[in-house]
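> Listed here are the chains, written in short residue letters.
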Amino acid sequence: MTARLRSPWTAVPCAVAVVAVLDLVEPFGVRLGHLTGGLLTADLAVRAGLFTIVLVGLNLLMGYAGQASLGQAAFYGMGAFASAILTVRAHVLGIPPEVVSAWWWPWVVMAAAACAVAGFAWVVGWVILRLRGHYLAMATLGLGIMVYIVLRENLGMPHLNLTGGFDGIVGVPRLRLGSAALWPVGVYLLVVWAAALACVALGENVVHSPAGRALRAIHGSEAAAESVGVDVGALKARIFALSAGLASVAGSLYAHFQAAVVPDTFGFVPSLELVVMSAVGGMRTVWGAPLGATVVLLLEQLLRTHLLGLVPAVSGELEPVVFGVLLILLMRFRPSGLVQAAPAP
Amino acid sequence: MADRRATPELVGQRVAAAIPTPRPAARRLPPAALLLVGAVALLVLAGRRLGYGLAEYAQLLVDGLATGSVYALVALGFVVVYRVSGVINFAQGAFVMLGPMLCISLLGPLPDTAAGLLLAALVATAACAASGALLHRLALHPLRDAAPLARIIVTVGAYVSIQGIALKVWGPRPYVLPAFTTLSMADRLVDVGGVVVQAQSLWVWGTALVTFAALGAFFEGTVAGKAMRACAVNRTAARLVGIQVDRMGTLAFALAATLGAVGGIVLAPSTRPTFDMGLELGLKGFVASIAGGLVSFPGAVAGGIALGVLESLWAGVVLAGFKDLFAFAMLVILLLTFPRSRAASEESA
Numbered sequence: 001m002t003a004r005l006r007s008p009w010t011a012v013p014c015a016v017a018v019v020a021v022l023d024l025v026e027p028f029g030v031r032l033g034h035l036t037g038g039l040l041t042a043d044l045a046v047r048a049g050l051f052t053i054v055l056v057g058l059n060l061l062m063g064y065a066g067q068a069s070l071g072q073a074a075f076y077g078m079g080a081f082a083s084a085i086l087t088v089r090a091h092v093l094g095i096p097p098e099v100v101s102a103w104w105w106p107w108v109v110m111a112a113a114a115c116a117v118a119g120f121a122w123v124v125g126w127v128i129l130r131l132r133g134h135y136l137a138m139a140t141l142g143l144g145i146m147v148y149i150v151l152r153e154n155l156g157m158p159h160l161n162l163t164g165g166f167d168g169i170v171g172v173p174r175l176r177l178g179s180a181a182l183w184p185v186g187v188y189l190l191v192v193w194a195a196a197l198a199c200v201a202l203g204e205n206v207v208h209s210p211a212g213r214a215l216r217a218i219h220g221s222e223a224a225a226e227s228v229g230v231d232v233g234a235l236k237a238r239i240f241a242l243s244a245g246l247a248s249v250a251g252s253l254y255a256h257f258q259a260a261v262v263p264d265t266f267g268f269v270p271s272l273e274l275v276v277m278s279a280v281g282g283m284r285t286v287w288g289a290p291l292g293a294t295v296v297l298l299l300e301q302l303l304r305t306h307l308l309g310l311v312p313a314v315s316g317e318l319e320p321v322v323f324g325v326l327l328i329l330l331m332r333f334r335p336s337g338l339v340q341a342a343p344a345p
Numbered sequence: 001m002a003d004r005r006a007t008p009e010l011v012g013q014r015v016a017a018a019i020p021t022p023r024p025a026a027r028r029l030p031p032a033a034l035l036l037v038g039a040v041a042l043l044v045l046a047g048r049r050l051g052y053g054l055a056e057y058a059q060l061l062v063d064g065l066a067t068g069s070v071y072a073l074v075a076l077g078f079v080v081v082y083r084v085s086g087v088i089n090f091a092q093g094a095f096v097m098l099g100p101m102l103c104i105s106l107l108g109p110l111p112d113t114a115a116g117l118l119l120a121a122l123v124a125t126a127a128c129a130a131s132g133a134l135l136h137r138l139a140l141h142p143l144r145d146a147a148p149l150a151r152i153i154v155t156v157g158a159y160v161s162i163q164g165i166a167l168k169v170w171g172p173r174p175y176v177l178p179a180f181t182t183l184s185m186a187d188r189l190v191d192v193g194g195v196v197v198q199a200q201s202l203w204v205w206g207t208a209l210v211t212f213a214a215l216g217a218f219f220e221g222t223v224a225g226k227a228m229r230a231c232a233v234n235r236t237a238a239r240l241v242g243i244q245v246d247r248m249g250t251l252a253f254a255l256a257a258t259l260g261a262v263g264g265i266v267l268a269p270s271t272r273p274t275f276d277m278g279l280e281l282g283l284k285g286f287v288a289s290i291a292g293g294l295v296s297f298p299g300a301v302a303g304g305i306a307l308g309v310l311e312s313l314w315a316g317v318v319l320a321g322f323k324d325l326f327a328f329a330m331l332v333i334l335l336l337t338f339p340r341s342r343a344a345s346e347e348s349a
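Heads up: the protein sequence lines correspond to chains A and B, in order.
Heads up: the first sequence begins at 1 in my numbering, then just goes up one per residue.
Heads up: the second sequence begins at 1 in my numbering, then just goes up one per residue.
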């Protein structure tokens with residue numbers, strides 16, 4: 001019994017359910033915000049779920065296959081903007097309004113965007129993943145910034161104003177299932193975490209499949225992996241595509257959650273934030289993804305709400321500083337993250 | 001078959017074959033050079049379609065040379081650190097920002113004279129050098145045996161922290177460093193046959209030339225410079241002959257921070273420094289160093305100047321917002337054509 005309770009497969013869904021119920025029902029007038037001193041809110045839990053989806057992909061890519069990506073937020077942004085453009089600005093592209101207003105349209109867009117982004121990453125991955133170490137990190141960073149600039153500059157077509165430039169797009173509709181709106185936030189929380197846990201399950205499956213063992217072999221030594229018959233290039237491109245596709249789904253869910261998307265959410269610093277979360281949770285585990293996302297978001301929230309009280313002279317946000325220092329300390333003292341990798345199966 | 005494999009001659013041949021023969025870098029035209037020629041041709045053609053004449057090209061060239069010199073200074077910082085300690089120092093950009101920002105803050109209480117400006121610039125540069133050394137001692141030295149990804153993350157973390165502190169101290173607004181010639185916001189413009197040259201550009205070129213010369217003299221003529229070169233060639237051998245390799249690493253970081261700060265300070269009067277200017281300049285400096293082969297000092301200078309000029313030509317033919325796209329596209333293309341980045345060695349994997 002205790003072993004079952006300790007399994008994250010029980011603990012995480014229970015925690016999500018408790019948060020959702022507290023947010024939706026408010027039993028005996030107990031509100032989630034009050035209970036946790038304004039720290040844990042349904043909003044934060046949704047965000048943690050979204051980042052979990054991105055991080056599962058990033059952990060497979062960085063932790064298992066050993067391929068650094070400092071531009072992952074670009075894929076997240078591509079998904080978010082695809083959803084926002086095709087729901088809010090679909091008329092510019094000549095898509096009939098009765099299609100756009102149908103409940104299934106955002107879901108179709110989400111799936112199509114994920115496939116397109118994954119395809120893009122697959123093509124890019126074939127070329128870019130030949131690079132190693134430092135160089136791959138730099139190239140993914142360059143790619144991430146290029147995507148950010150293209151999003152910021154209206155995809156180079158200012159007359160259409162598809163991405164809205166610096167201001168982005170507002171008024172992205174909420175998701176619906178048939179006639180039922182997946183809102184308020186407590187309901188959306190369940191949707192996002194259902195997706196997140198599905199991604200974790202997917203990640204666990206990949207890890208325990210032959211492909212997962214091949215990925216770890218690539219991490220150990222590409223030459224050795226190749227010599228025992230692993231198609232290194234194809235596998236790296238595929239895992240890059242998978243991680244990009246997951247990031248795109250998370251981006252779409254984010255667009256429908258936030259109802260507004262701006263390019264700055266997907267620039268260089270957010271990419272870095274993803275790497276931090278991944279490193280905090282433990283890159284070489286799939287369950288590190290929800291843990292890293294939740295811990296980092298809670299820490300951010302704590303800094304935002306409580307740092308002002310602790311250090312009166314500080315105004316504005318100190319997050320980046322703490323982030324950077326945290327990152328250095330983590331690499332120094334616990335390079336494998338909070339969740340230790342299980343011994344290889 | 002089996003006995004042939006066992007003969008000492010064959011073993012010797014195999015060992016010899018396994019040791020990579022160093023290729024003379026100068027003989028072969030690097031792919032980067034071809035790429036640059038192609039890029040220039042394309043950009044010039046694009047400019048012709050917009051009706052650019054000789055004067056316009058000359059203007060773009062002059063503008064590009066000034067920023068290019070700054071990229072070259074930043075790129076030299078990358079090369080120094082990479083050669084001596086094998087790290088690509090992402091935090092390099094932070095010093096390009098810290099230099100001018102500190103300089104502006106120091107200038108506040110100082111008299112508005114040339115001496116005051118010089119003093120502020122020198123103190124700011126020294127402070128940057130010290131923080132560069134500190135960064136190496138505190139953050140990178142303890143991780144000298146860690147995986148490359150860990151070290152990249154550490155330098156990125158350092159960059160983000162420093163930029164965060166800068167945001168805290170200076171806020172998000174742009175600052176003004178007076179032009180060196182007039183000591184005011186308005187710079188003197190020199191008209192050379194229809195091409196307008198800012199007096200500050202002359203300062204940039206002059207400072208860059210002096211710095212290149214000083215760096216050359218340091219590496220050729222001083223014991224510390226020679227020791228650093230020895231570390232670059234072979235760290236273990238350098239340790240064996242009694243060079244304190246770790247100390248040389250610290251020195252390299254200080255030197256890189258100095259170069260970055262100098263570049264940032266001379267550029268500042270023509271750009272309005274902000275807390276986040278380091279990211280762009282740092283990355284472009286890195287692109288320049290990659291263009292020059294990452295280990296070559298003259299290469300880094302050439303790469304920086306080429307990038308500055310090309311980017312200026314590019315900015316002349318595209319929408320303003322796409323100016324920065326060029327360098328990052330170059331980064332990806334150069335990395336892909338840069339043989340070292342794909343070398344099948346396990347040490348960098």
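Hints should not be assumed to be uniformly reliable.
Derived lysine to any residue pairs resembling SDA-like cross-links, with alpha carbons at most 20 Å apart [unchecked claim]: (1) 323/B to 58/B; (2) 226/B to 240/B; (3) 323/B to 154/A; (4) 323/B to 264/A; (5) 168/B to 154/A; (6) 168/B to 166/A; (7) 323/B to 300/A; (8) 226/B to 298/B; (9) 168/B to 234/A; (10) 323/B to 144/B; (11) 323/B to 62/B; (12) 323/B to 158/A; (13) 168/B to 158/A; (14) 323/B to 109/B.
Think of the hints as simulated: they come from the structure by calculation, not from any bench.
Because the structure is a prediction, the values reported are computed rather than measured.
> Now tell me if each hint is right for this structure.
Here is how each hint holds up against the structure:
Under the criterion of a C-alpha separation no larger than 20 Å, the hint pairing residue 323/B with residue 58/B is consistent with the structure, at around 18 Å. The hinted pair formed by residue 226/B and residue 240/B meets the criterion: a straight-line CA distance of about 15 Å does not exceed 20 Å. Proximity of residue 323/B to residue 154/A is assessed by CA-CA distance (about 14 Å); at most 20 Å being required, the pair is judged to hold. The suggested pairing of residue 323/B with residue 264/A holds, with an alpha-carbon distance near 18 Å, which does not exceed 20 Å.
For the hint pairing residue 168/B with residue 154/A, the CA-to-CA distance comes to about 31 Å; that exceeds 20 Å, so the pair is violated. A C-alpha spacing of about 23 Å is found between residue 168/B and residue 166/A, which places the hinted pair above 20 Å, so the restraint is violated. A threshold of 20 Å between alpha carbons decides the hint, and for residue 323/B with residue 300/A the separation of about 33 Å lies outside it, so the pair is violated. With a CA separation close to 17 Å, the supplied pair residue 226/B and residue 298/B stays within the 20 Å bound.
As the CA atoms of residue 168/B and residue 234/A are separated by approximately 46 Å, the hinted pair breaks the 20 Å bound. About 37 Å separates the Cα atoms of residue 323/B and residue 144/B, which puts this hinted pair outside 20 Å; it is violated. A threshold of 20 Å between alpha carbons decides the hint, and for residue 323/B with residue 62/B the separation of about 17 Å falls inside it, so the pair holds. At roughly 15 Å between alpha-carbon atoms, residue 323/B and residue 158/A fall within 20 Å of each other, so this suggested pair holds.
At roughly 35 Å between alpha-carbon atoms, residue 168/B and residue 158/A are farther apart than 20 Å, so this suggested pair is violated. As the CA atoms of residue 323/B and residue 109/B are separated by approximately 37 Å, the hinted pair breaks the 20 Å bound.
Checked against the numbered hints given earlier, the structure breaks hints 5, 6, 7, 9, 10, 13 and 14 and satisfies all the rest.
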